[in-house]
Amino acid sequence: MTTALSHYLNIIRDNLRLDPQSEREVISELETHIEDELEKLEEAGLSEEEASSTCARLLGSAKLVARQVYEAHSQGSWRQALMASTPHLLFGLIFALNWWQGISWLLVMLVLILATVVYGWWRGKPTWLFSWLGYSLIPVVVAGLLLLYLPKGWSWLAIILYLPLASWLVYTITVQTIKRDWLYSSLMLLPVPIVVGWFIAVGLEGRFPEFSMERLHEFASWVGLSFLALGVSVAIFIRLRQRWLKIAILTIFGILTLSLVAGYAWSQIGLQTFLVLILLTLSIFIIPALLERRIKYGRSLAEKQVR
Amino acid sequence: MAQRRELIKGNADSLLLYLIGQQPMYGYQIIRELEKRSQGYFQFREGTLYPALHRLEKSGLILGKWQTLPSGRQRRYYYITEKGQRLLVIKMSQWQDFLTAMNLIIRPTKA
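Protein chains in written order, with our numbering: chain A, 49 to 355; chain B, 37 to 147.
The shape of chain A in the complex, shown without the other chains (with noise of 0.2 Å):
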């Protein structure tokens, strides 16, 4: 196969966003096509070259190829809209129970949560593993802003410990999600504003945490409500097929449930802090967009070099 033509599939490769087994079954049925094809016009009397070509101008744009594969798969099923939206709604349900209260229910839905996360990982990244994966890290966010209330003086066991370690788990995993598709990584990070913003708003007097475990009584049904939205946005995001639907579908749903969280916790939040929070939201879209550009851009470099 010539340069072109394994430039042309890497093209389809880099846009398809489908998982390992599907991306490989598609390029082996494309590279099988363009073999019968070069043979057919090679003796038809083409040259090499030529018959690269018109195989390739037959095939017609590789990114239109790549966008009409995703789109017939990647729609999920009912199931796997369910499955997604699961964690959502659990934790939802959590709280418009009341049940946040009880340390046994939270720790059975961390065991849940882990359980389910290595159980999607070993059976290939499916798509409905990465709303599991966001909830995976929210012992690490919520480790990060108890740092917030440690004594005066203790500020240095946040840099020096807990920073590093969150980034670079946060990094590690965001960027295995990237390489599979930076929509997942959003959709991964998607709960994170929300529990920021709700964390904003039952913790900022300082006093915690009998003051803010009050007050999260107090709100627990908003954050319930809050969680329902993110499943149903969920929910929505699998069943659909076009890929710029998924992506205003999530950030209409994040910047919504955002409102919602700041139209209740309003006194505590405030204009500034809601613009940082919505701000927030945009970048977990923005910034694994601009990773995967780089990631793709740094893997055709390397290509080129090896050419």
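Take these hints with a grain of salt, some might be off.
[Said to hold, decoys possible] Simulated crosslink set (DSBU-like; lysine-lysine; CA at most 30 Å straight-line):
| # | chain 1 | residue 1 | chain 2 | residue 2 |
| --- | --- | --- | --- | --- |
| 1 | A | 294 | B | 45 |
| 2 | A | 111 | B | 72 |
| 3 | A | 294 | A | 344 |
| 4 | B | 72 | A | 88 |
| 5 | A | 227 | A | 344 |
| 6 | B | 94 | B | 72 |
| 7 | A | 111 | B | 94 |
| 8 | B | 101 | A | 111 |
| 9 | B | 72 | A | 344 |
Keep in mind the hints are simulated off the structure, nothing from the lab.
Assemble the complex: chain A is given as a structure, and chain B must be docked to it using the hints.
Just chain B, lined up with the frame of chain A:
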């Protein structure tokens, strides 16, 4: 040409189901077969065939299976499923009705 492309696009699923329903086929073979049987009228943009096949497969209308040829080359053959066959019967009947109605208008029999 654009109108023809739209016509093909609108009926791609029926054409693919019909061909695969007759015998299991792989992508390249489908394109050549469509071109041959329609005497060049149906010319698929080759890249768009695979998304269409994968969509049909996702809907459970066809099933793709890898097969190794004696030459060692691997090909993905598509088979029609029972669900696909049921849909094909409905689509064929719709086409027949449509053709009959069209003929009644453009080729009216003299009374």
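Going down the list of hints, with the structure as the test:
1. A:294 with B:45: 25 Å, holds
2. A:111 with B:72: Status holds; Cα separation ~28 Å.
3. A:294 with A:344: Holds, at roughly 22 Å.
4. B:72 with A:88: With Cα atoms ~15 Å apart, residue 72 of chain B and residue 88 of chain A stay inside 30 Å; holds.
5. A:227 with A:344: 9 Å, holds
6. B:94 with B:72: 28 Å, holds
7. A:111 with B:94: Holds - the C-alpha atoms of residue 94 of chain B and residue 111 of chain A are around 21 Å apart, at most 30 Å.
8. B:101 with A:111: Roughly 25 Å between the alpha carbons, so the hint for residue 101 of chain B and residue 111 of chain A holds.
9. B:72 with A:344: 41 Å, violated
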